[in-house]
Amino acid sequence: MSDREGQATAVATAVRLTGDGPLEPLAQPQGPGGDHPAADVAPVRVVSRRFRRQRWGMFMFILPALVVYLVMVILPSLQSLQLSLTDWDGVNSSYDYIGLRNYEEILGSGRFWNAVRNTLLLGLGSAVIINVISLVVALLLDKLNRGQGFFRTIVYLPALVSGFIAATIWKYMLNFNFGSVNTLLRDLGLGDLAQDWLGDSDLVVGVLLFIVCFTLGGNTTLIYLANLQSVPQELVEAAKIDGASNAKVFRFVTWPMLAGAVTVNMTLAVIAGWTIFDQVMVLTSGGPGFVSETMAFFIYKVGFGEYRAGYGSAAAIVLFIVVIVSTVLANRYMRKREIQA
Amino acid sequence: MTYAMVRPSSRGVGAEQPTARGARRKAGIGLAMTAIAALALTGCASGGAETEAAEKTTIRFTYATGDETWNGVVEGVVDAFNEQSDTATVQLDPLPAGSDYATAVKTMDATGNWPALIDMRDTLTYINAGKLAPIPESVTSLLDENVYGESSDGNVYVVPTTALNGEIGINIVYDKAYFKKHKLEVPETYDDFIDLMEEIKSNGDVPLATAAGEVWPSDQLWKPLAAPVFAEWSDEDGFWNAVQAGEASIADLKAPLEELKRITDTYVLQGWQSTADAQTTTLLVNGQAVMATSSAGLGRLLDVNKVDPDFEAGLFIIPDEDGDINVLKNAVNGDTASGIAISSQAAEDEKEYQAAVDFLEFYFSVDTANLIEELGMIAPNIAEADKVKRNTSIPGAEDFFALLENPNLTWYSNEPKLATFSSFNTFFRQTRIEMQDGQTTIDQAIEKAQAEYEKIAAAG
Numbered sequence: 001m002s003d004r005e006g007q008a009t010a011v012a013t014a015v016r017l018t019g020d021g022p023l024e025p026l027a028q029p030q031g032p033g034g035d036h037p038a039a040d041v042a043p044v045r046v047v048s049r050r051f052r053r054q055r056w057g058m059f060m061f062i063l064p065a066l067v068v069y070l071v072m073v074i075l076p077s078l079q080s081l082q083l084s085l086t087d088w089d090g091v092n093s094s095y096d097y098i099g100l101r102n103y104e105e106i107l108g109s110g111r112f113w114n115a116v117r118n119t120l121l122l123g124l125g126s127a128v129i130i131n132v133i134s135l136v137v138a139l140l141l142d143k144l145n146r147g148q149g150f151f152r153t154i155v156y157l158p159a160l161v162s163g164f165i166a167a168t169i170w171k172y173m174l175n176f177n178f179g180s181v182n183t184l185l186r187d188l189g190l191g192d193l194a195q196d197w198l199g200d201s202d203l204v205v206g207v208l209l210f211i212v213c214f215t216l217g218g219n220t221t222l223i224y225l226a227n228l229q230s231v232p233q234e235l236v237e238a239a240k241i242d243g244a245s246n247a248k249v250f251r252f253v254t255w256p257m258l259a260g261a262v263t264v265n266m267t268l269a270v271i272a273g274w275t276i277f278d279q280v281m282v283l284t285s286g287g288p289g290f291v292s293e294t295m296a297f298f299i300y301k302v303g304f305g306e307y308r309a310g311y312g313s314a315a316a317i318v319l320f321i322v323v324i325v326s327t328v329l330a331n332r333y334m335r336k337r338e339i340q341a
Numbered sequence: 001m002t003y004a005m006v007r008p009s010s011r012g013v014g015a016e017q018p019t020a021r022g023a024r025r026k027a028g029i030g031l032a033m034t035a036i037a038a039l040a041l042t043g044c045a046s047g048g049a050e051t052e053a054a055e056k057t058t059i060r061f062t063y064a065t066g067d068e069t070w071n072g073v074v075e076g077v078v079d080a081f082n083e084q085s086d087t088a089t090v091q092l093d094p095l096p097a098g099s100d101y102a103t104a105v106k107t108m109d110a111t112g113n114w115p116a117l118i119d120m121r122d123t124l125t126y127i128n129a130g131k132l133a134p135i136p137e138s139v140t141s142l143l144d145e146n147v148y149g150e151s152s153d154g155n156v157y158v159v160p161t162t163a164l165n166g167e168i169g170i171n172i173v174y175d176k177a178y179f180k181k182h183k184l185e186v187p188e189t190y191d192d193f194i195d196l197m198e199e200i201k202s203n204g205d206v207p208l209a210t211a212a213g214e215v216w217p218s219d220q221l222w223k224p225l226a227a228p229v230f231a232e233w234s235d236e237d238g239f240w241n242a243v244q245a246g247e248a249s250i251a252d253l254k255a256p257l258e259e260l261k262r263i264t265d266t267y268v269l270q271g272w273q274s275t276a277d278a279q280t281t282t283l284l285v286n287g288q289a290v291m292a293t294s295s296a297g298l299g300r301l302l303d304v305n306k307v308d309p310d311f312e313a314g315l316f317i318i319p320d321e322d323g324d325i326n327v328l329k330n331a332v333n334g335d336t337a338s339g340i341a342i343s344s345q346a347a348e349d350e351k352e353y354q355a356a357v358d359f360l361e362f363y364f365s366v367d368t369a370n371l372i373e374e375l376g377m378i379a380p381n382i383a384e385a386d387k388v389k390r391n392t393s394i395p396g397a398e399d400f401f402a403l404l405e406n407p408n409l410t411w412y413s414n415e416p417k418l419a420t421f422s423s424f425n426t427f428f429r430q431t432r433i434e435m436q437d438g439q440t441t442i443d444q445a446i447e448k449a450q451a452e453y454e455k456i457a458a459a460g
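Residue numbers (the numbering used here), protein chains in the order written: chain A, 1 to 341; chain C, 1 to 460.
Quick caveat, the hints were computed from the structure, so don't treat them as lab data.
Note that this is a predicted model, so its numbers are computed, not measured.
Glycine is no exception: its CB is placed at the ideal position from the N, C-alpha and C atoms.
Some hints could be false.
[Claimed, not checked] In the SDA-like style, the derived pairs of lysine to any residue whose C-alpha atoms are separated by at most 25 Å in a straight line are:
# : chain 1 : residue 1 : chain 2 : residue 2
1 : C       : K306      : A       : Y172
2 : C       : K387      : C       : E373
3 : C       : K254      : C       : E452
4 : C       : K261      : A       : G110
[Claimed, not checked] Chain C stretches covered by chain A per the calculated footprint, using a threshold of three residues with CB under 8 Å from any CB of chain A:
# : segment
5 : 114–126
6 : 209–215
7 : 418–426
Hey, can you work out the whole structure from these sequences and the hints?
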């Protein structure tokens with residue numbers, strides 16, 4: 001039985017056991033009366049009608065949200081596809097169709113590929129770093145006997161601050177001339193270590209990676225912590241009775257039980273990384289030059305700042321494809337791991 | 001309150017004395033009645049104010065915030081207008097420092113939320129899109145006829161916010177006390193300027209602070225260096241139009257680009273890549289650099305004075321090799337023209353449009369010009385300029401006014417006809433910063449900028 005079949009069976013069983021819900025009559029025993037088909041067909045029709053009515057009721061509940069989502073998200077997204085084939089400047093009501101020229105230009109642009117490289121670095125890099133650090137922090141928090149609430153709050157606090165605000169604070173702290181980081185280094189006699197953190201083209205992407213990890217780590221830690229606390233203690237104790245060391249307990253018991261959390265956290269972190277924008281906007285504006293532009297920032301810059309909405313839409317379509325393909329592939333890999341677990 | 005005071009006396013002599021509890025209850029009722037009466041009166045009062053406000057047409061004025069002086073001027077003029085106007089109220093709608101102008105305006109456009117008055121940039125783009133309304137003659141007649149221009153349809157869409165002295169505001173602000181102490185002179189030629197920086201450097205000090213954290217201030221050092229090349233094309237329709245026509249190319253800017261790189265590497269204070277424009281004032285006043293680039297002219301002098309009233313600031317413009325001071329004339333039309341415009345959306349409502357026109361008529365009056373001068377900026381070039389009392393009290397202002405009288409001052413034109421020039425301009429700034437930072441060579445920067453210009457010109 002596959003895991004999906006197993007899930008379906010479990011759901012059906014749960015519904016039957018509770019005795020309410022649309023599948024309830026299916027639980028009627030099929031005994032000797034099974035040779036009276038007319039007696040069985042009538043209730044099934046009634047159930048079918050009731051189920052359809054309930055489904056319509058449920059659909060009506062989600063309809064307002066669905067309409068808003070379609071109008072505000074799906075339709076503009078589809079319109080982006082159309083606009084990506086035009087030379088629209090984003091202001092004038094008229095534009096011309098130019099075929100695939102925007103796509104050709106994007107794929108031949110060094111600036112675009114630099115943005116792709118940065119996005120991959122920030123997306124994958126932050127996903128891996130955040131997950132490793134968050135898992136370590138979650139393990140430490142899980143072992144704490146005192147002050148759990150305090151330390152959890154400390155760890156989660158950066159996640160409560162918006163990316164924009166956090167980036168603004170970091171901008172002040174990392175300012176070359178007046179920032180607290182360089183001032184502290186100079187006061188400690190370590191002036192040689194003072195850097196132009198946001199202006200040095202060799203450092204700036206690494207600094208962005210650090211800040212992104214710092215901001216996004218809270219949620220990831222929380223998810224790991226919740227999963228750690230749901231690991232069955234009897235399994236852990238059984239492993240320990242069998243003589244497993246702490247490392248082996250983690251490797252063979254805890255880690256497999258966290259597979260679902262890893263999938264969720266990695267997916268969320270990669271998507272957040274693909275769409276990094278506010279930190280770049282506030283801290284570097286993509287500079288110095290173009291060196292720290294990400295795909296999301298590139299789309300914004302050309303679409304809004306440079307009045308090339310058609311070109312920006314084409315870049316957005318490319319970003320969408322990158323995100324969907326990478327997320328599906330990553331999920332497929334991690335799901336396989338979950339099944340093995 | 002009246003009830004509470006009158007009520008006890010109505011009991012008269014011999015009336016039964018109230019119990020303490022009853023007195024408290026009555027006092028409570030009295031207070032409640034008083035509160036109701038007060039609220040009713042307040043309601044009447046505010047209702048009256050609302051009625052009065054309703055008679056006035058309220059319009060928004062969206063403007064890009066800048067240095068403290070400019071922000072103060074806008075607030076001062078709007079307050080003065082609101083105080084004297086019986087028909088209109090102007091509400092300020094500032095775009096905060098660091099916000100992206102193009103995005104902000106496009107968002108207003110997309111949401112149909114145009115202000116009546118807007119501090120306009122990328123002008124041609126919005127004129128072509130039909131987003132601006134013509135400015136009537138009652139406004140333009142108040143101005144010097146050289147500071148506004150008719151668009152191709154014969155209408156005027158933008159009028160200047162401040163004095164159109166071209167890019168004379170792009171200059172070097174320096175520490176006069178340091179110059180006196182080390183017997184340094186304001187440079188008269190480009191070589192003098194390099195010698196000056198060399199001498200400051202030999203004193204163990206940093207010659208120049210500049211900023212590129214916001215991209216646009218990178219023009220402050222670049223433009224004076226490129227001005228001699230631009231000036232050569234002034235009589236031939238300008239450099240950028242020559243590039244568009246294929247008569248010139250970005251490669252013609254190789255010499256100034258080399259100078260830009262040399263100055264950046266040799267004389268500029270470290271950290272310029274992430275330094276914001278406003279920080280250069282602090283760097284100068286703190287003595288971290290002896291000179292700083294600026295594009296705010298008198299405004300920067302006023303800012304320096306606010307930060308440190310004892311600081312002796314002066315300013316000059318980097319001259320060319322022959323000693324000429326090449327300064328770009330303002331564009332009064334085209335994509336680089338800037339100033340105040342009235343939106344088409346406001347023009348759909350007669351009252352809003354009239355309120356916007358009233359404000360502009362007020363803005364270009366002699367009294368307002370005097371107010372602008374008092375607040376630290378040079379007033380727009382109005383027709384009655386001879387009646388304006390110039391503000392020479394800002395320390396260093398004499399240098400600015402002397403520049404306007406300098407016999408070596410050479411005005412040049414370089415107004416691009418390309419409607420999407422601003423797209424290229426942003427790209428070119430970033431390309432230059434990339435080159436200054438050493439990420440690309442000068443030749444690579446030229447090649448990249450040329451390719452981008454051709455692409456934008458072909459599309460535009």
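Right, here's what the structure says about each hint:
1. Pair hint K306/C plus Y172/A holds up; C-alpha atoms about 22 Å apart against a cutoff of 25 Å.
2. Straight-line distance between C-alpha atoms of K387/C and E373/C comes to about 12 Å, which keeps the hinted pair within the 25 Å bound.
3. As the CA atoms of K254/C and E452/C are separated by approximately 16 Å, the hinted pair is consistent with the 25 Å bound.
4. Taking the CA atoms of K261/C and G110/A, the gap is near 22 Å; set against the 25 Å cutoff, the hint holds.
5. Figure legend: the segment 114–126 of chain C, annotated as covered by chain A; annotation consistent (3 residues with Cβ-Cβ distances under 8 Å, at least 3 required).
6. Note: the segment 209–215 of chain C has 4 residues with beta-carbon separation from chain A under 8 Å; the three-residue rule is met and the coverage holds.
7. With 4 residues having a beta carbon nearer than 8 Å to a beta carbon of chain A, the segment 418–426 of chain C meets the requirement of three or more and the stated coverage holds.
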